[in-house]
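Engineer: With the hints as constraints, model all of the structure from the sequences given.
Residue numbers (my numbering), protein chains in the order written: chain A, 506 to 541; chain B, 11 to 375.
Hints should not be assumed to be uniformly reliable.
To be verified - Distance ranges between label pairs, derived from CB positions:
1. L509(A) - K192(B): 16 to 24 angstroms
2. G118(B) - R535(A): 21 to 29 angstroms
3. E108(B) - K507(A): 49 to 57 angstroms
4. R223(B) - R535(A): 27 to 35 angstroms
5. I508(A) - L23(B): 18 to 26 angstroms
6. L509(A) - R117(B): 40 to 48 angstroms
7. R535(A) - P147(B): 28 to 36 angstroms
8. Y341(B) - R535(A): 43 to 51 angstroms
9. L338(B) - I527(A): 41 to 49 angstroms
10. R535(A) - D97(B): 50 to 58 angstroms
11. I508(A) - H49(B): 15 to 23 angstroms
12. I527(A) - G118(B): 26 to 34 angstroms
13. G28(B) - R535(A): 44 to 52 angstroms
14. K507(A) - L300(B): 34 to 42 angstroms
No lab work stands behind these hints, which were simulated from the structure alone. Quick caveat, the model's predicted, so the values are computed rather than measured. The beta carbon of each residue, even a glycine, is placed where N, CA and C say it ideally should be.
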Amino acid sequence: MKILQRLARVAYTFVMMNYAAIAGLIALSRGREVWK
Amino acid sequence: METVFWASSLFVLYVYAGYPLLLGLWSRAAGRPSRRAPHTAQSWPTLSVVIAARNEAHRLPRRINNLLEQSYPHPIEIIVVSDGSTDGTRDAIAPFSERVRFIDLPRGGKPRALNAGVAAAHGDVIVFADARQRFAPGALQALASNFDDPAIGGATGELILDGELHGVSESTVADGVGLYWKYEKWMRRHESRLWSTLGATGAIYAMRRSLWRPLPPETLLDDVLAPMRVVLAGKRVVFEERARAFDRVAANGAAESRRKTRTLAGNYQILALEPRLLIPVVNPVWIQYLSHKLGRLVTPWALLAVLASSAALTPKGWPYALALLVQLCFYSLAIFGGLLESRDRMGGGPAEELQRAASARRQGS
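Structural biologist: Encoded structure:
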């Protein structure tokens with residue numbers, strides 16, 4: 506179960522990090538605040 | 011549709027596996043170390059450390075003490091630029107007034123603050139640091155040791171995340187981020203050996219003052235734009251592993267996602283700010299840039315294309331059905347990971363236990 510959870514966390518991070526590129530493009534095109 | 015499926019699949023495979031493999035082999039065959047001649051006391055470059063900060067009064071005294079503890083043959087110039095702080099940053103800096111120059115600006119963004127800090131600096135080399143992180147002993151000397159080589163225009167240090175130090179993840183995303191960060195650093199190390207890294211770590215990087223060009227005020231990623239301009243000027247930016255800074259992984263997935271969104275928005279923006287990066291004869295790291303930075307921007311679109319095309323092609327044969335099944339399993343796993351993350355954020359998950367364990371280790375170390 507622990508291995509499954511760890512894999513799930515890695516998969517979630519991979520998806521989140523990859524799709525952030527789309528979110529970033531949308532944010533830029535809408536002129537949204539992406540400042541830290 | 012089959013062309014879309016295979017081209018997209020191969021593209022994702024190239025970005026995450028093919029390019030790293032190529033890079034590893036290429037840097038082994040043609041890599042060049044930086045030339046570090048032994049320095050005499052006088053030959054070390056003078057350093058100016060620039061910290062742009064907004065409402066960091068609670069962190070700055072610790073940060074400045076950390077810098078003052080660094081050993082270096084020359085006195086280090088420290089410049090703190092406040093970007094419209096309203097939390098008493100000036101008062102927090104006051105006890106260090108003999109060693110720290112303070113520039114108080116109205117709120118105008120980090121790039122403006124950095125521009126002001128560098129304009130006020132006198133050092134041969136500018137070191138950029140954030141208020142939150144701390145440097146390991148000897149970090150500044152390690153960064154500066156690279157500048158004896160005239161081919162080197164910049165150096166970036168290594169950012170160590172908490173989980174890496176203690177071997178314990180502190181949040182659901184820490185597992186993934188820690189793994190990703192190790193992978194990124196591996197790439198950076200090999201890109202550096204080959205010619206140059208494709209950016210720097212904002213928490214710890216240095217460049218020759220003569221190569222600095224003021225940043226446009228809208229810049230999102232100063233730690234990519236400034237180093238890439240050094241590369242476009244024909245100089246190397248090297249990865250210096252002996253210069254270490256320490257930081258924590260973002261507290262949760264939402265914070266990490268915001269950070270990553272900003273990073274990737276910044277990578278799109280850099281294409282508009284420095285279109286020369288796309289010209290092979292101008293950009294000495296063109297292949298690396300396309301494969302690594304641009305590849306990451308295109309990958310999510312390719313992943314969507316693989317998913318859609320494999321779904322459409324499933325009736326045509328088992329390889330497409332298998333590909334679809336693998337993707338559905340992977341995305342289900344990711345959703346499960348997202349649920350774990352939500353649970354942790356609400357305070358009920360094992361991440362809390364891990365956090366307690368990490369805290370205990372920190373106190374014990």
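Engineer: Which numbered hints turn out to be false for this structure?
Structural biologist: As far as the earlier hints go, 7, 8, 9, 10, 11, 13 are violated by this structure, in ascending order.
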